[in-house]
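*Asks:* Sequence:
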Amino acid sequence: MTVVETIEVLSPVLQGSSSSFLSTGTIIALTGFFALLCACIVIGHLLEENLWANESIISLVLGLCSGLVVLLVTKFENSHILTFSEDLFFLYLLPPIIFNAGFQVKKKQFFKNFTTIFLFGVFGTMISFCIISLGAYFLFKRVGVANLNIQDYLAIGAILSATDSVCTLQVLSQDETPLLYSIVFALKLLGTFLYLFFTSTALGIAAGLISAFIIKTLYFGRHSTDREVALMMLMAYLSYMLAELFNLSGILTIFFCGIVMSHYTWHNVTESSRITTKHAFATISFIAETFLFLYVGMDALDIEKWKESKASAGTSLAVSSTLLALVLVGRAAFVFPIANITNLMKKRENTKIEFRQQFIIWWAGLMRGAVTIALSYNQFASSDDTSMQDSALMITCTIIVVLFSTVVFGSITKPLIGAVLLRHAKPTISDATDLPSQEDLNILFLESGDSSEQTNNPPTRKNSLRLLISNPTYTVHYWWRKFDDKCMRPVFGGRGFVPFVPSSPTGARDETS
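Take the sequence shown: its position 447, counting from 1, is numbered 447 in this note's numbering, and each next residue is one higher.
Take the hints with a grain of salt, since some may be wrong.
Unchecked claim - No farther apart than 20 Å at their CA atoms in a straight line, the calculated lysine-lysine pairs in the PhoX-like style are these:
(1) K352 to K75
(2) K414 to K108
(3) K278 to K75
(4) K108 to K307
(5) K414 to K107
(6) K352 to K112
(7) K482 to K112
No wet-lab data here; the hints were simulated from the structure.
Take the sequences, apply the hints, and build the full model.
*Replies:* The structure is reproduced here in structure tokens:
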């Protein structure tokens with residue numbers, strides 16, 4: 001399998017001498033690409049306080065500029081410094097991004113809103129898929145695209161209906177908007193069938209627990225902190241590869257593996273390893289995200305695909321506009337109805353999703369990025385049933401949608417959050433104020449002790465069940481913590497675990513919760 005191939009048409013120099021290991025062209029191409037990555041980081045730092053710019057947009061613009069330079073140097077023969085297959089994306093770049101998202105996610109916020117997340121992720125994605133597929137089927141023929149088959153229309157719906165998690169991670173902040181971050185990001189993660197969801201989740205949890213048990217039992221920190229860090233990384237990647245081997249969702253698997261590792265494994269390693277892993281995972285994820293957006297910018301000027309499509313500017317614009325409009329309508333068709341349905345099931349006003357929040361959930365999920373392009377290439381670049389012209393048209397129009405949505409929607413999202421949400425934010429209420437009291441939970445499960453000490457008219461089970469129904473999330477969380485403390489942590493470690501070795505964890509505060 002060829003992972004990285006150097007485009008050797010940049011200049012005659014690139015076709016010159018070569019060593020036994022790397023050619024001159026490969027070295028120059030890699031040097032140029034890494035220089036662009038460094039430039040993205042430096043410019044991103046300088047524009048950190050700018051609400052209208054982020055690393056994704058900066059990387060896209062630099063990619064476009066470098067692609068244009070390569071086009072001019074090669075006399076419009078090619079726009080790439082490097083080309084790579086979809087295997088590079090799905091096997092090497094996407095896993096660290098998703099794993100770090102799970103490792104750093106605010107677990108309490110994620111599981112507190114899990115019911116809402118599940119409704120958005122499963123039913124919402126299905127609604128969007130149906131609207132985009134049907135819309136493309138009926139509208140494409142009106143703009144001159146008539147040679148696609150049913151499978152192609154279904155693929156278009158599947159590719160564009162799911163939120164691009166890489167884009168979402170770039171523009172939403174867990175600290176400023178934890179609820180919206182959890183919901184919007186999880187739309188990508190949970191947009192799969194129930195079988196894939198449960199089996200993939202189980203595999204990720206199992207991998208995380210095995211890593212926690214091994215590190216807790218063997219005490220790697222006694223001899224080498226490098227081994228425990230290496231084991232965490234390799235076990236996470238192993239979970240992803242096993243999921244792909246068994247045709248499961250590698251994204252879901254490695255995401256939940258990250259959650260479990262942050263809850264158990266991370267607390268079992270030494271203090272220095274905790275600092276190392278936390279920053280290493282974040283750094284690798286950041287580099288992978290920057291790499292992807294930089295390449296997307298260069299890929300937008302893929303002259304070969306534009307030539308193969310043989311479509312006029314009007315046709316390309318019409319198809320791209322149709323796709324973008326379907327994404328807008330498809331997302332609105334499920335965000336607002338499902339949000340209002342979940343509000344009807346919530347009794348506390350401070351837990352309901354306000355219209356301003358619903359609008360941000362709709363807006364922030366409109367971005368499409370590297371995942372969308374990779375899926376489009378995977379579907380249409382090697383399709384035998386679709387003509388080369390129509391396949392190239394679908395790829396180029398997908399690129400247009402990605403560029404427009406990332407630059408326009410991505411640049412406006414942060415200022416929009418500041419204007420719509422943060423300026424109208426209600427006073428922050430501690431999670432503890434929302435919890436039922438310990439006494440209520442004891443009454444709920446009849447754990448209050450000797451019945452003779454109760455009042456003459458003790459609460460009935462009916463009232464207790466009503467409390468359970470009215471506070472399902474908090475009640476389940478309460479029992480999960482009891483089960484975790486009593487059964488899980490003695491076996492798998494976690495916060496508070498103190499192995500009898502030098503430089504061992506001291507039960508430090510869980511920074512990832």
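*Asks:* For each hint, tell me whether it holds in the structure or not.
*Replies:* Hint check:
no.: 1; hint: K352 to K75; verdict: violated, 57 Å
no.: 2; hint: K414 to K108; verdict: violated, 24 Å
no.: 3; hint: K278 to K75; verdict: violated, 45 Å
no.: 4; hint: K108 to K307; verdict: violated, 50 Å
no.: 5; hint: K414 to K107; verdict: violated, 23 Å
no.: 6; hint: K352 to K112; verdict: holds, 13 Å
no.: 7; hint: K482 to K112; verdict: holds, 17 Å
Violated hints, listed in ascending order, are 1, 2, 3, 4 and 5; each of the other numbered hints is respected by the structure.
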